[in-house]
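Novice: As a plain string of letters, each chain reads:
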Amino acid sequence: MSDLLLAAFAAETGAHVIEEPRERRFERFRRAFDEAAFRSSLAARGLRFVGRGDGAYPSLLRELHDPPPGLFARGSGSAELLAQPSVAIVGARACSSYGSQVARLLGRDLAAAGLVVVSGLARGIDGEAHRGALEAGGHTIAVLGCGVDRDYPAAHAQLANRICERGLVVSEYAPGVEPAPWRFPARNRIIAGLAATTVVVEARERSGALITADFALEAGREVFAVPGEITSALSAGTNALLRLGATPLTCAGDVFEALGVEVAAVSPPELAEQPMRVLEALAREPSGIDGLVRKTGLDAAAVATALAELELAGAVAEAEGLYRGVRPQD
Amino acid sequence: MLARTVTHALVGLDARRVEVEAHLQLGVPAFAIVGLADRACQEAKERVRSGIASAELEWPVRRITVNLAPAELRKEGSGFDLPIALAVLAASRQVPPEALGGHAAVGELALDGRLRPVGGVLAAAEGAREAGLSRLLCAVECAAEAALAGIEPVPVHHLAEAVAYLRGEWQPPPPDELVLAASNGSEPTGPDLAEVRGQERARRALELAAAGGHNLLLGGPPGTGKTMLVRRLPGILPRLPLEEALEVTRIHSVAGLLPAGRPLVSVPPFRAPHHTASVASIVGGGSSPRPGEASLAHRGVLFLDELAEFPRNALEALRQPLEDGAISIARVGGKIVFPARFQLVATMNLCPCGARGDPAAECSCSAARLAAYRDKLSRALLDRFDLVVTVPRHRARELDGAAGEPSEAVRDRVTGARERARAEPLRRSKEANELLSRAVERLPLSARGRARVARVARTIALLAGAGEVGSAHLAEALSYRSPTELGTP
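The listed protein sequences derive, respectively, from chains Z and P. In this text, residue positions in the first sequence follow our numbering: the first is 1, and each later residue adds one. In this text, residue positions in the second sequence follow our numbering: the first is 1, and each later residue adds one.
To be clear, the hints were calculated from the coordinates, so they are not data collected in a lab. C-beta: ideal position from N, C-alpha, C; glycine also. Treat the hints with caution; some may be incorrect.
Simulated restraints, written as ranges between beta carbons of each label pair [said to hold, decoys possible]:
no.: 1; chain 1: P; residue 1: 405; chain 2: Z; residue 2: 135; range: 19 to 29 Å
no.: 2; chain 1: P; residue 1: 222; chain 2: Z; residue 2: 227; range: 28 to 38 Å
no.: 3; chain 1: P; residue 1: 191; chain 2: Z; residue 2: 257; range: 54 to 64 Å
no.: 4; chain 1: P; residue 1: 442; chain 2: Z; residue 2: 80; range: 24 to 34 Å
Please take these sequences and the hints and turn them into a complete structure.
Specialist: Next comes the structure, spelled out in structure tokens:
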């Protein structure tokens with residue numbers, strides 16, 4: 001029995017199809033279905049289909065109790081990418097600047113170490129994780145909750161194209177399927193299923209990212225949560241995960257350790273005296289330029305100069321007027 | 001009987017010579033004004049008639065025709081009252097017609113015959129001077145303005161005074177005092193920077209903006225003092241040189257904004273239109289185009305508070321003046337160009353609810369709302385800001401610091417930098433060039449962004465009085481480039 005037939009039937013009826021349904025409608029559909037024509041129309045649009053029967057179908061995904069019949073894929077990345085060691089980075093769409101910085105940094109560090117970054121192409125944390133992986137020149141996979149040919153959200157169409165240059169955009173839904181609210185939890189099970197571990201960066205209570213974490217735990221995968229301030233609603237979900245026993249994530253190294261990945265240590269850049277003073281002040285707490293002027297005793301111009309040098313060295317990042325050291329200081 | 005006076009009609013900022021002809025004929029008494037006079041100009045009939053009566057002169061019982069030549073030029077406003085009254089009086093020989101030679105006249109008549117000031121006297125006076133006329137009859141309030149044009153003003157309080165002057169019975173006061181008052185110029189006003197505590201980053205950005213004439217965008221949560229800081233920018237700008245002051249005065253004169261007595265605008269203007277302002281009120285317009293806020297801010301500062309609240313088409317309309325320093329308004333009758341070389345300063349919150357950037361508050365904006373907010377500002381407009389600074393919320397204890405430097409001290413440094421800028425152009429040192437190419441590789445810096453950083457670095461070097469643009473100057477300039485939170489990533 002063909003996986004593609006099941007996937008096409010699911011697209012036609014909007015049903016969540018895992019096994020061959022015993023209904024008349026399906027019988028009629030099977031008789032009318034022209035698999036060769038469907039495949040050639042996919043190929044004409046530059047799309048691929050990886051069915052459960054194919055060798056490229058990732059074994060981790062097969063471990064789910066309801067693995068999709070197959071994945072539609074677009075992009076120049078090879079289908080083998082699906083089976084490579086990967087990490088899912090998920091989180092809130094309306095995230096804080098802290099969350100987006102962490103997501104980007106993690107995406108960059110994990111991809112630089114050769115791991116595939118899996119996420120959902122949504123705004124906020126998802127998008128930042130993809131961007132981080134692209135910045136590092138690594139591979140990233142976006143899993144959609146709509147037809148694989150759609151760019152959803154539309155604002156991320158360009159990001160999707162960039163992902164396609166080296167990675168993959170995949171979906172269990174055939175081309176043309178509209179996004180619908182109930183498809184996103186189903187999409188989250190694929191994100192959790194593809195990845196060896198899942199990292200939740202920022203999540204409110206009862207958010208989609210927590211659904212992903214639940215799927216990952218159900219599948220017996222490790223779940224990391226990035227600790228946040230206990231007073232912030234954006235960290236309520238992640239902190240609740242930590243209470244339930246998720247592993248706190250403090251740097252990309254925690255993930256490498258869990259996955260047994262060896263990464264060469266990065267030597268800290270050599271810095272002049274003034275940038276060093278600014279970096280030390282930033283290690284205590286993130287700060288604006290005015291705050292740094294007070295803490296370091298330098299004037300505004302000198303602080304700005306030092307920060308520009310640190311930024312070029314990749315040691316600090318700025319958002320909303322606040323600078324943060326991006327690596328923990330020893 | 002026929003008589004003529006000369007006055008000027010405004011087309012944009014240009015004065016066109018208009019001859020006012022009055023012709024008295026025998027016939028049924030009547031009074032007609034021809035020559036494309038608009039409503040305010042048509043109503044001159046009633047004012048002129050009452051004014052002449054109030055001046056205890058005789059209204060000729062004749063058929064009176066007044067022609068405003070050239071007839072195809074549309075005439076607007078009340079400045080034609082005085083020349084029409086004088087032409088009628090000259091035609092009825094109550095004033096010797098030959099005395100009007102070499103004179104232009106402009107002014108509105110009150111019903112009691114007093115003369116009221118009108119806008120655009122400077123442009124009219126310049127037009128008169130170029131036409132070879134030597135004296136301008138105008139209201140006392142406008143006399144100093146006319147003197148700026150290098151023409152001799154004849155300031156009169158009342159129509160009767162004008163008649164007495166033309167009959168040779170009265171002499172105006174010597175113009176020396178007026179000329180002196182005119183050339184003195186306005187004094188800087190507004191709040192002082194010394195009142196601002198802390199805010200070192202924003203103060204520095206303000207000083208750079210003043211020294212280099214850079215466009216400045218301040219972002220941050222509400223209540224962090226963005227608007228307060230910007231209002232102190234005019235206080236640190238150097239005074240305008242005479243030529244530029246005259247350009248500004250001409251525009252403000254046409255808009256009727258000049259204070260009486262000290263008309264020369266020698267302090268850079270500061271205009272802050274509200275975000276509900278229409279496109280026409282910002283860039284200028286109307287069926288007979290008038291200068292908008294952007295032109296009124298010529299050689300000064302155009303301040304847009306809450307930039308993202310302005311209608312998008314109003315912001316896009318500012319792109320032309322930001323590029324060319326002028327606004328051209330095309331009408332069927334021709335094209336009018338208003339100068340608009342202003343420095344754009346704007347503030348905005350980081351999100352619609354305003355909580356972003358404030359560690360003590362939490363943003364409640366949805367992702368879609370946030371995206372819509374940022375979409376309001378096109379990349380093209382954001383690119384025009386050389387300096388982008390985020391002003392985070394300060395803790396109360398950070399504001400306990402000493403009072404800041406007074407505006408005057410900052411203005412001296414700014415003036416020094418501007419003078420040095422006029423001297424030789426600065427070169428970038430080798431290290432600075434290396435740093436710049438490293439930054440272009442490492443940071444998302446467009447070609448325009450690169451030019452922007454180079455410009456700001458030059459200003460920083462000029463302020464420091466350095467002989468060349470060093471790497472430290474360039475590094476500081478890099479920190480002002482548009483952060484991802486303000487421009488979409």
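Novice: Taking 54 to 64 Å as the hint, is the beta-carbon distance of residue 191/P and residue 257/Z inside that range?
Specialist: Distance hint for residue 191/P, residue 257/Z holds at roughly 57 Å.
Novice: Between the beta carbons of residue 222/P and residue 227/Z, is the distance compatible with 28 to 38 Å?
Specialist: 30 Å, holds
Novice: Between residue 442/P and residue 80/Z, does the C-beta distance stay in 24 to 34 Å?
Specialist: 32 Å, holds
Novice: For the range 19 to 29 Å, tell me whether the beta carbons of residue 405/P and residue 135/Z fit it or not.
Specialist: Once the Cβ atoms are compared, 41 Å apart, the range 19 to 29 Å for residue 135/Z and residue 405/P is violated.
Hint compliance for this structure: hint 1 is the single one not met.
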